[in-house]
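K.L.:
What follows is the residue order along each chain.
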Amino acid sequence: MNSLIVLRTLGMLLLCEAVTMLPPVVVALIYREDTITAFLASIAITALLGAGLFSIRVKNKIIRYKEGFAIVTFGWLMVSILGALPFLFSGALTSVIDAFFETVSGFTTTGATIIEDIEVLPYSLLFWRSFTHWLGGMGILVLALALAPALGGGTFQILKAESPGPISTKLTPRVNNTAKILYVTYTVITLAEIVLLTVGGMPLFDSFIHTFGTLGTGGFSIKNASVGAYNSVYFDTVITIFMIASGVNFSLYYIAFREKRLAGFLKDTEFKTYLSIIAVSIILVTLNLNGRLFDSVFESLRHASFQVASIITTTGFTTTDFDIWPDFSRAILFVLMFVGACAGSTGGSMKVIRIHLVFKYMKREVNRLIHPKAVRAVKIGNTSVQEEVLSSVMAFTMFYILIFITVTLFLAMQSYDLISSAAAVAATLGNVGPGFGIVGPTSTYSALSGFSKLILCFCMILGRLEIYTVISLLFPQFWKR
Amino acid sequence: MRIVIVGAGKVGYQLVESLTKENHDLIVIDKEQEILDKINDNFDVLTRKGNGISSSLLKELGIEGWDLLIAVTDSDESNIVACITAKKIGVKTAIARVRNPEYVVELQFIRNNLGIDYIINPEYATANEIIRLLLNTHASYAADFAKGHVRMSEIIIEDSSNLAGKQIKDVELPGGVVITAIMRNGEAIIPNGFDYIMKDDTLYIMGEKSVVDSVAKTAGVRIINNRVRNVMIIGGGKIGFYLAKELERLEINVKLIEQDLERCRELAESLNNTLVLHGDGTDLTMLKAENVEGMDAFLAVTGFDEENLLVSVLAKQLGARKVIAKVSRSNYTSVLETIGIDNAVSPKLITASDILRIVRGGRIVSISLLIGGRAEVVEIIPQEDTPIINKPLKELKIPKSIIIGAILRNGKVIIPNGDSIIKSADRVIVFTLDSHIEKVTQLFSKKGGGFSIHELINSAKNAGDAASM
Chain A
1 MNSLIVLRTL GMLLLCEAVT MLPPVVVALI YREDTITAFL ASIAITALLG AGLFSIRVKN
61 KIIRYKEGFA IVTFGWLMVS ILGALPFLFS GALTSVIDAF FETVSGFTTT GATIIEDIEV
121 LPYSLLFWRS FTHWLGGMGI LVLALALAPA LGGGTFQILK AESPGPISTK LTPRVNNTAK
181 ILYVTYTVIT LAEIVLLTVG GMPLFDSFIH TFGTLGTGGF SIKNASVGAY NSVYFDTVIT
241 IFMIASGVNF SLYYIAFREK RLAGFLKDTE FKTYLSIIAV SIILVTLNLN GRLFDSVFES
301 LRHASFQVAS IITTTGFTTT DFDIWPDFSR AILFVLMFVG ACAGSTGGSM KVIRIHLVFK
361 YMKREVNRLI HPKAVRAVKI GNTSVQEEVL SSVMAFTMFY ILIFITVTLF LAMQSYDLIS
421 SAAAVAATLG NVGPGFGIVG PTSTYSALSG FSKLILCFCM ILGRLEIYTV ISLLFPQFWK
481 R
Chain B
482 MRIVIVGAGK VGYQLVESLT KENHDLIVID KEQEILDKIN DNFDVLTRKG NGISSSLLKE
542 LGIEGWDLLI AVTDSDESNI VACITAKKIG VKTAIARVRN PEYVVELQFI RNNLGIDYII
602 NPEYATANEI IRLLLNTHAS YAADFAKGHV RMSEIIIEDS SNLAGKQIKD VELPGGVVIT
662 AIMRNGEAII PNGFDYIMKD DTLYIMGEKS VVDSVAKTAG VRIINNRVRN VMIIGGGKIG
722 FYLAKELERL EINVKLIEQD LERCRELAES LNNTLVLHGD GTDLTMLKAE NVEGMDAFLA
782 VTGFDEENLL VSVLAKQLGA RKVIAKVSRS NYTSVLETIG IDNAVSPKLI TASDILRIVR
842 GGRIVSISLL IGGRAEVVEI IPQEDTPIIN KPLKELKIPK SIIIGAILRN GKVIIPNGDS
902 IIKSADRVIV FTLDSHIEKV TQLFSKKGGG FSIHELINSA KNAGDAASM
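First to last, the sequence lines map onto chains A and B.
Everything in the first sequence is counted per my numbering, starting at 1 for the first residue and increasing by one.
Everything in the second sequence is counted per my numbering, starting at 482 for the first residue and increasing by one.
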């Protein structure tokens with residue numbers, strides 16, 4: 001493996017991270033907070049380390065699969081470690097594990113927190129915490145690619161390793177232009193939500209925070225009761241719509257913009273499946289809730305749609321304590337944690353397209369029993385899916401379930417109850433955030449042991465980087481020449 | 482520039498390699514996912530599996546308004562149709578590779594009536610290149626630039642050469658000549674004064690034609706008697722056919738050996754004075770019987786690199802005066818000189834340099850790819866407002882691997898030094914390693930660039946493809 005180019009790219013990534021730590025400084029200045037030194041120190045450390053690595057001279061600039069995997073995995077680890085510094089330096093968090101957990105949860109857009117009372121934190125830290133969602137949503141390396149000059153051949157490997165979904169394609173011939181287009185699209189939608197929330201009466205700072213949480217499908221709030229604290233139908237509706245929008249493949253927006261029509265959405269099988277799943281889930285949950293928890297259909301619909309959108313897009317905002325919902329509704333939410341959003345979106349978990357393909361694959365296998373000689377291709381819309389992609393999707397699904405089972409067993413072993421253990425793993429592996437039981441919407445992950453937190457951090461990164469990128473590094477063959 | 486390449490075979494791949502170095506936006510279309518994956522791993526381009534003649538695919542890729550489509554699939558017809566389709570969709574320029582000799586007669590018609598701007602015929606170009614080498618007085622490679630005023634010549638340093646073992650600063654070169662590069666063990670080196678010239682090196686010298694020739698002479702390069710009378714060609718494929726046809730025209734006696742009897746009949750029908758022989762070109766008795774030792778030149782142009790190389794070595798040992806082999810894979814170029822072959826031509830490199838010349842536009846007069854594509858000689862007429870104009874060369878921070886070899890001004894050759902200034906009507910001959918071609922392009926192109934929101938919106942309007950997942 002070409003480790004020099006890996007280190008140099010990591011250096012560039014850290015320089016970018018140092019730049020992204022500047023907005024919280026501005027926030028600290030505005031609110032006259034003393035966290036400013038904590039941020040400046042973190043910036044200095046990150047920038048120095050980054051500059052050091054970036055100055056490495058590299059002869060061979062080719063990035064292949066291995067380098068791509070290594071850059072992305074180590075990149076995410078380093079970004080999380082350095083991103084935790086402001087929490088530690090400011091004294092807001094004293095435990096290193098807690099700070100790391102919070103940052104990983106931020107960058108992976110999980111939104112699982114260990115902070116019991118969030119409302120006492122300084123604004124600048126709250127801003128940074130949510131800003132990590134925004135950065136991690138579209139991908140911090142994609143940002144680095146967009147900002148930095150072309151790194152040389154093979155940067156597509158980085159994009160492939162970081163962006164979610166079984167098949168990655170570029171929007172334009174060049175990776176850095178594709179990255180720019182993605183970020184511009186992302187920024188435009190972000191601004192739209194900030195404006196809509198502010199117009200509806202949310203304080204500007206709060207609308208920034210909740211927009212970061214929505215667009216990155218993260219879910220960090222600045223209220224202990226999350227979005228429920230505002231108790232506003234308008235905010236709920238706006239956030240619901242934007243959560244669903246953030247779970248859509250972002251290249252669809254670009255295509256719609258380029259072609260000036262919405263045909264791309266209607267042609268996209270994944271998009272249609274995604275909307276159908278949301279619609280069916282909302283109807284079922286509404287029927288289940290109505291008359292039991294809420295008196296009016298409207299109230300049931302309002303909370304059902306917010307919570308369904310929040311869970312399927314793996315955001316994790318809450319308007320109400322869904323842990324006290326009837327079991328059927330909770331079961332639906334639990335299943336949705338495994339479905340996740342669309343490929344190429346900021347959402348996490350297994351992705352609608354994979355679920356779709358798994359079902360198509362199963363259908364083909366059943367068909368094979370009926371017509372043993374039949375030759376069939378699995379198709380998405382009208383394009384057939386390559387067999388390699390199919391088997392990779394099947395293996396991904398097995399990996400996902402295996403990891404889920406293993407970590408659940410591990411948590412149960414430490415005598416956490418089954419529901420809480422399973423929910424904690426599903427919620428971190430799927431980058432959702434709140435689960436059920438002791439990690440439910442009204443509580444935090446602080447009750448878990450330090451080691452469990454680290455394991456869950458690993459789950460979050462595995463989930464965000466879609467398993468293969470990380471797990472390939474754990475195989476000894478990866479490091480052999 | 483925004484360029485679509487249809488067909489990622491040998492030439493397609495070489496083009497991707499050269500064009501990405503110059504910062505063009507590329508889309509590559511091919512039917513084979515495997516080759517596209519290889520391209521994706523190595524270059525920052527957009528690849529798409531599919532058929533390049535499909536208008537819906539081309540439209541979907543949003544290539545309307547793009548600058549260039551190059552069709553280099555292995556089918557002539559596909560290439561032609563792809564170009565026509567692209568032109569109808571709104572691509573500005575189209576280049577098709579067409580190799581069937583029957584179409585060569587129709588080239589004018591195709592160009593004028595089907596709207597294809599350039600037709601590239603690799604075999605025809607290769608045959609022309611071989612003829613040029615054949616009629617060249619040098620034993621080795623030489624190319625002329627600036628309307629024939631400037632010559633670049635290859636000198637192979639033999640034991641007897643008076644240059645061997647000298648430091649470059651001690652070599653007394655007459656005014657008007659520079660050593661641009663040294664090739665040693667297959668590596669290209671841009672020398673400075675302290676480098677030594679060693680035995681078996683290949684020097685590339687550039688300068689005024691007559692001076693270069695005299696230097697070559699004193700350095701021990703054999704100047705061959707220019708009179709070529711008898712030529713033997715092995716391989717009656719397209720290149721062999723074009724060669725025989727052209728040599729006939731030059732009133733040179735040609736013996737052409739071809740293995741396939743049916744092909745021999747075809748050749749005999751379409752050629753007039755060529756002696757077509759049916760037999761195996763590697764057959765020693767046959768070569769001897771046909772008097773290979775008396776040949777002025779021996780051209781091996783079968784479809785197999787290995788066979789060409791082998792039979793060339795054989796012919797050289799038997800006594801053929803000048804031996805030229807066609808070698809498609811550039812990996813072999815580094816071993817050629819060690820096995821005693823005078824020249825090797827690669828259709829792939831010739832085609833690629835022809836296309837590159839078109840891509841780089843009118844400013845560039847000619848391009849030669851050297852040393853297996855690892856170095857280039859480019860002849861450029863610089864325009865106003867480019868960085869290279871009206872500034873002493875020493876102020877330009879030109880990287881070491883770019884050498885401004887010669888300037889032609891008002892019919893006079895100037896060998897520049899640090900104080901020389903390039904003016905807008907000059908012809909400039911630049912030698913560069915391929916890693917710095919982009920820099921050359923920068924020096925000779927107008928200022929501006931960088932990414933802006935405008936560009937994004939434009940690219941949003943026109944460019945690129947997006948997959949739905």
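For the record, the hints were derived by calculation from the structure and aren't laboratory data.
Please read these numbers as outputs of a predicted model, since none were measured by experiment.
Glycine is no exception: its CB is placed at the ideal position from the N, C-alpha and C atoms.
Among the clues, some could well be false.
If we take Cβ atoms under 8 Å as the criterion, some of the chain B residues that face chain A in the derived model are [to be verified]: (1) 508; (2) 515; (3) 517; (4) 518; (5) 526; (6) 527; (7) 543; (8) 545; (9) 630; (10) 898.
K.L.:
Confirm or reject each hint.
P.N.:
Each hint, compared with the structure:
{"no.": "1", "hint": "508", "in the structure": "6 Å, holds"}
{"no.": "2", "hint": "515", "in the structure": "11 Å, violated"}
{"no.": "3", "hint": "517", "in the structure": "11 Å, violated"}
{"no.": "4", "hint": "518", "in the structure": "10 Å, violated"}
{"no.": "5", "hint": "526", "in the structure": "5 Å, holds"}
{"no.": "6", "hint": "527", "in the structure": "4 Å, holds"}
{"no.": "7", "hint": "543", "in the structure": "7 Å, holds"}
{"no.": "8", "hint": "545", "in the structure": "11 Å, violated"}
{"no.": "9", "hint": "630", "in the structure": "38 Å, violated"}
{"no.": "10", "hint": "898", "in the structure": "31 Å, violated"}
Consistency with the previously given hints fails for numbers 2, 3, 4, 8, 9, 10, ordered from lowest to highest.
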